[in-house]
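There are 2 protein chains.
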Amino acid sequence: MKIFDESAAAAARSRQAELTKPPGSLGRLEELAIFMAGWQGRERPKIDRAQALVFAGNHGVTAQGVNPFPVEVTAQMVANFRNGGAAINQLCRAAGADLSVIPLELDRPTADFTQGMAMEVADLVTAIQTGKDAVDPEADVIILGEMGIGNSTVAAALAAATFGGTAEDWVGPGTGADDRIFANKIRAVNAGLKRHKGAATAASILGSFGGREQAAICGAVIRSRELGIPLILDGFICSAAAGVLLVNDANALDHCLIGHESAEPGHRRLIAVMKKSPVVTLDMRLGEGSGAAVALLILRAALECHNGMATFAEAGIG
Amino acid sequence: MKIFDESAAAAARSRQAELTKPPGSLGRLEELAIFMAGWQGRERPKIDRAQALVFAGNHGVTAQGVNPFPVEVTAQMVANFRNGGAAINQLCRAAGADLSVIPLELDRPTADFTQGMAMEVADLVTAIQTGKDAVDPEADVIILGEMGIGNSTVAAALAAATFGGTAEDWVGPGTGADDRIFANKIRAVNAGLKRHKGAATAASILGSFGGREQAAICGAVIRSRELGIPLILDGFICSAAAGVLLVNDANALDHCLIGHESAEPGHRRLIAVMKKSPVVTLDMRLGEGSGAAVALLILRAALECHNGMATFAEAGIG
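Note that the protein sequences, when read in sequence, are chains H and C. Sequential numbering of the first sequence, starting at 1, is according to the UniProt record's numbering. Sequential numbering of the second sequence, starting at 1, is according to the UniProt record's numbering.
Some clues are possibly wrong.
[Unchecked claim] Chain C regions said to be covered by chain H (calculated; three or more residues, Cβ under 8 Å):
hint: 1; segment: 72 to 81
hint: 2; segment: 87 to 99
hint: 3; segment: 189 to 195
hint: 4; segment: 294 to 303
The set of hints was computed from the structure by calculation and includes no laboratory data. Backbone N, C-alpha and C fix where the C-beta goes; we use that ideal spot for every residue, glycine too.
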């Protein structure tokens, strides 16, 4: 496993102190450049290839009336991604990321987690492997996103199972729940937590609640960690999925940034327990990797400054 | 004077409601697209030409020991801007903005505002006109920035004179004040506020405290307002300069965004009294227009989504 290169990070930190600006005055942009330097193992990190992976899945828990949209919308949105019509297409173009959309057996939803395990072990393994295989070892940075009708309910269950708390702590409006749907979400998550209260490992939590896209996100996070490729998580659903890995390994997400703080209320709580700081907060709550793609714009800007600025000595200042 | 086109904004708002995403789920990106639509007077706003204007000036108040850097650094940084070595050069390249750097009589600093008026009327008029003349009428959006050793002290004085409060409310570390310099800043601002307490119009406040780059910023804001060109202000110094215009006209900054919330502590207070919301918060405190340039990245992303996404009808969803 490739580890964070402290000496490259230190060299990048020294460089930042020599650039033509008051020390620290680029704030988060400096931190991002140093983070990238450490993970890429070079004083001057680069983004020649940014890979965007969007995983899509369907969820049996939609039988509990947890989403205003029919499950068919997942496949329709996958088609929209492929036709270039979704937000993530525009944002990947703006941020210079190559988008891959990976639907996971959309016509075979995971089972309803209020009634039993969401996934058999074989399905879980397959989904994780799909996520691992999707990672391009040549990528300089990876951004992750997801699509799946009902998956904010799955995310709330995963967050509660991983970090504790009640359904009320983690359930939010998602794509736009009215009072009745919101109550159904709470009821479904509480039922799931009761049924699966013994789940104590990342695999058992994922198997209990699903879904395939969450498992694939974990696979991509695991593989990029092995390769030392820095990664940007998106919002609530993506963060809850990756957060499951912290059950097994407190350092599993050291290479991950959280791109944005979603307007989905549970995300702020999730970011806090994950001890992360979002790059931007723009009241977005779309998923698809949209917040991660916006964060990639900031990350590129950080590297432009880091690599392109003159030092005080070069500029003859001081 | 061109005004905000409510019907273009309404058309943009309708379009946002039809794009393939839950309504409102792009958050601030939707608001930015609608803002641009209203000011540009078209349902689908564009940014073919983004103009970045960075004004530089020197300040007599540096005689009060308000900055750790010598005044020569202003001219040295202007040379650095022209050689492409500063943060703003990299950020303008990343954000697709054409940078113009406009030094204002750097070898003739404004007078020390603790001792008298910073500027004669003729100097003030010239500086405002320079700002007006710098605006390209063909620009689709303008971003503003500044450079001037000592100008965070000027900004604190302008903010206090415009919005009330004490020196302590507005003075911050700036480029990196130690305790002694910080105390000098407080003392200078208090002395200036006492001396110029009768200043009650935008012109008298600007003339009292300076500086030329602040006056030029006001000129650019006035001219872009006349032309209806949306504009992104940078951090504390840029916001304090433009804020002076609110004394004369409560709508003077309706066409302005504040690009970022600076780490300079007074900026948060300033943004609140100006009733604005920053686009990003990245703990930056550099000036030069750096935060405005980062915000331009977000603005472009917002328009990419607005103009490039498919509607539900186009995508055959729902």
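Hint-by-hint comparison with the structure:
Given as covered by chain H, the segment 72 to 81 of chain C passes the check, having 5 residues with a CB less than 8 Å from a CB of that chain where 3 are the minimum. Check result for the segment 87 to 99 of chain C against chain H: holds, 7 residues qualifying (beta carbon to beta carbon below 8 Å, three or more required). Only residues whose beta carbon comes within less than 8 Å of a beta carbon in chain H count, and the segment 189 to 195 of chain C has 0; fewer than three means the coverage is violated. With 5 residues having a Cβ less than 8 Å from any Cβ of chain H, the segment 294 to 303 of chain C passes the three-residue criterion, so the hint holds.
Violated hint for the displayed structure: number 3, the only one.
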